[in-house]
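Residue numbers (our numbering), protein chains in the order written: chain P, 54 to 319; chain U, 1228 to 1451.
Please note that the accuracy of each hint is not assured.
[What the hints assert, rightly or not] A short, non-exhaustive set of chain P residues, derived as facing chain U with CB atoms under 8 Å:
#1 G211
#2 L247
#3 A249
[To be verified] Computed beta-carbon distance windows for the label pairs:
#4 P:L298 to U:T1431: 39 to 49 Å
#5 U:G1369 to P:D190: 24 to 34 Å
#6 U:L1408 to P:M232: 22 to 32 Å
#7 P:M232 to U:G1429: 18 to 28 Å
#8 U:G1320 to P:A215: 40 to 50 Å
#9 U:F1348 to P:Q144: 43 to 53 Å
#10 P:I263 to U:G1441: 46 to 56 Å
#11 U:T1339 to P:D190: 53 to 63 Å
[To be verified] As a list, the in silico DSSO-like pairs of lysine-lysine whose alpha-carbon atoms are at most 30 Å apart:
#12 P:K65 to U:K1360
#13 P:K183 to U:K1270
#14 U:K1420 to P:K218
#15 P:K218 to U:K1350
#16 P:K183 to U:K1420
#17 U:K1350 to U:K1420
#18 U:K1358 to P:K65
#19 U:K1350 to U:K1273
#20 U:K1350 to P:K65
#21 P:K183 to U:K1350
#22 U:K1239 to U:K1350
#23 U:K1270 to P:K218
#24 U:K1358 to P:K218
#25 U:K1358 to P:K183
In case anyone wonders, no lab produced these hints; they're calculated from the structure. Because the structure is a prediction, the values reported are computed rather than measured. Quick reminder that beta carbons are idealized off the backbone N, C-alpha and C, glycines included.
Here are the chains, one letter per residue:
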Amino acid sequence: MSAKVITITSGKGGVGKTTATANIGAALASSGQRVACIDADIGLRNLDVVMGLENRIVYDLVDAVEGRCRLNQAMIKDKHIPELYLIPSAQTRDKTAVSPSDMIRLCDELKLDLDWILIDSPAGIERGFKNAIAPADQVIVITNPEISAVRDADRIIGIVEAEEKGTPRLLINRLNPEMVRQNNMLSADDVVDLLAIHLLGIVPEDKNVIISTNKGTPIALDGKSPAGQAYRNIARRIMGEEVPLMDLEKGSGIFSRLSSVFGSGE
Amino acid sequence: MEAEKIEVKGIKNGLLIEIKPGNWQDREESLLTYIDQNLEFFKGAKLVLDVGERELKPPMLSSLRNALSDREIKLKAVLSTSRTTERASQDLGLEIKLDQSSHLPVQPSINTQLEGDEAVFLKRTLRSGHKVKFPGHIVVLGDVNPGAELVAGGDIIVWGRLRGVVHAGAGGDTDAVVCALDLSPTQLRIADKISVSPPRKGKTRPEIAYLENGQVSAREWNRD
């Protein structure tokens, strides 16, 4: 079987591409899929840190592309989950070290023994983004419920469509249901309304994400965290299952639930 | 393309290419190179060549015609002031005047057929970074998101939400209007006047923006 290549991108930086790549990868792999995550952010690598594999790097993406190692030597096996691999990016080079056709060749080689290849795209719309998007079969656009992030997501969707990669799917990250209720944050509906693409999932704001990211253990492996649950649901949707969206009202405390019952909480 | 060698213009039913004076073989080569570089654009096109006073013999024209048809381009007419070239074109069954075919065979005595204005129609969402510039009118069936830009010489009609930047009457036409089902542009310009939409209160309604006493005004867009 040949793997599907999914590129995770956003336009704007800091919205959670790397965290999402690590968590979707972990969630897919923990349901028995064979997954490789590729960090395409050459010069600003992060995915290794988030996956907790920083100290195992010997060879990287650029080494593999330039033939200094075999591809499987650049694949780092995950600590927690079997059949989850990371291909880290080079820290000492820049985006021009790799070309879009290099990425396509690399993925074609990887595809044979895997089910999914996830590519963590760098921010922006320049060379690094083009490298990340070139081999993609599917694209996931991540945004936060903030005007500036949504604006960049809109631009990225336009570019992805122009590159004939099909219409990307949307992941809304760091939604705070409480703030939405108080009309201080765009709701998921607002975002979907503007971007007009299929919603793959919503990840609620969860401070455990920062803790798990710092520890290098994906939150998707945490059975209790709402964000972890959201990522597991997203992975199931990627695999083609129909999973209803989570009810984000839940778990936000008895008081907020009471206030929504009694109408305005202010 | 070297503009001193050939020049391409859009005409009613195809493209008019003017071949500038100079060595014919060289010009023919430039033309084919240029077409090959822009094959997607030219594919299926109907070409009219204007060769000026150049004298061309049937074999020269037919070889060019074959080269074009290899590229799925139809050579329709060759315009020339040279009688030799005209005769050669006629021998090959090519037209020698512009728009010969667009004349109706019988002119009706009272012409009720309206020509209308030139407009572009876009049935899609216009996203941030998309820009549409057109000398005529622009009609969009879909949303125009923030960060998208429409510039029209004439009117702009959006059957959807208009939240980007629009400029109607960009050539200075103060009668130009902008209509949208939800008129909430980031910025709206008509001719040389610029305005921003006030924050919306209440339900959205279709609106039309126009110039009145040198100011951009908007009112509900309905039958009255």
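Tested hints:
1. G211: With a minimum Cβ separation of about 4 Å from chain U (threshold 8 Å), the hint on G211 (chain P) holds.
2. L247: At 6 Å from the nearest chain U Cβ, L247 (chain P) passes the 8 Å test, so the hint holds.
3. A249: holds (5 Å)
4. P:L298 to U:T1431: 39 to 49 Å: violated (26 Å)
5. U:G1369 to P:D190: 24 to 34 Å: holds (26 Å)
6. U:L1408 to P:M232: 22 to 32 Å: holds (29 Å)
7. P:M232 to U:G1429: 18 to 28 Å: holds (24 Å)
8. U:G1320 to P:A215: 40 to 50 Å: holds (41 Å)
9. U:F1348 to P:Q144: 43 to 53 Å: Check passed, 50 Å falls within 43 to 53 Å.
10. P:I263 to U:G1441: 46 to 56 Å: holds (55 Å)
11. U:T1339 to P:D190: 53 to 63 Å: holds (54 Å)
12. P:K65 to U:K1360: holds (27 Å)
13. P:K183 to U:K1270: Cα-Cα ~28 Å, so holds.
14. U:K1420 to P:K218: violated (40 Å)
15. P:K218 to U:K1350: The hint holds at about 19 Å.
16. P:K183 to U:K1420: The hint is violated at about 39 Å.
17. U:K1350 to U:K1420: holds (28 Å)
18. U:K1358 to P:K65: Since the Cα atoms of K1358 (chain U) and K65 (chain P) sit roughly 20 Å apart, the hinted pair holds (cutoff 30 Å).
19. U:K1350 to U:K1273: Within the cut-off at roughly 26 Å; holds.
20. U:K1350 to P:K65: Cα-Cα ~27 Å, so holds.
21. P:K183 to U:K1350: holds (27 Å)
22. U:K1239 to U:K1350: holds (23 Å)
23. U:K1270 to P:K218: Judged against 30 Å, a Cα distance of about 24 Å means the pair holds.
24. U:K1358 to P:K218: Holds: K1358 (chain U) and K218 (chain P) sit about 20 Å apart, inside 30 Å.
25. U:K1358 to P:K183: holds (21 Å)
Hints 4, 14, 16 from the list above are not met by this structure, while the remaining hints are.
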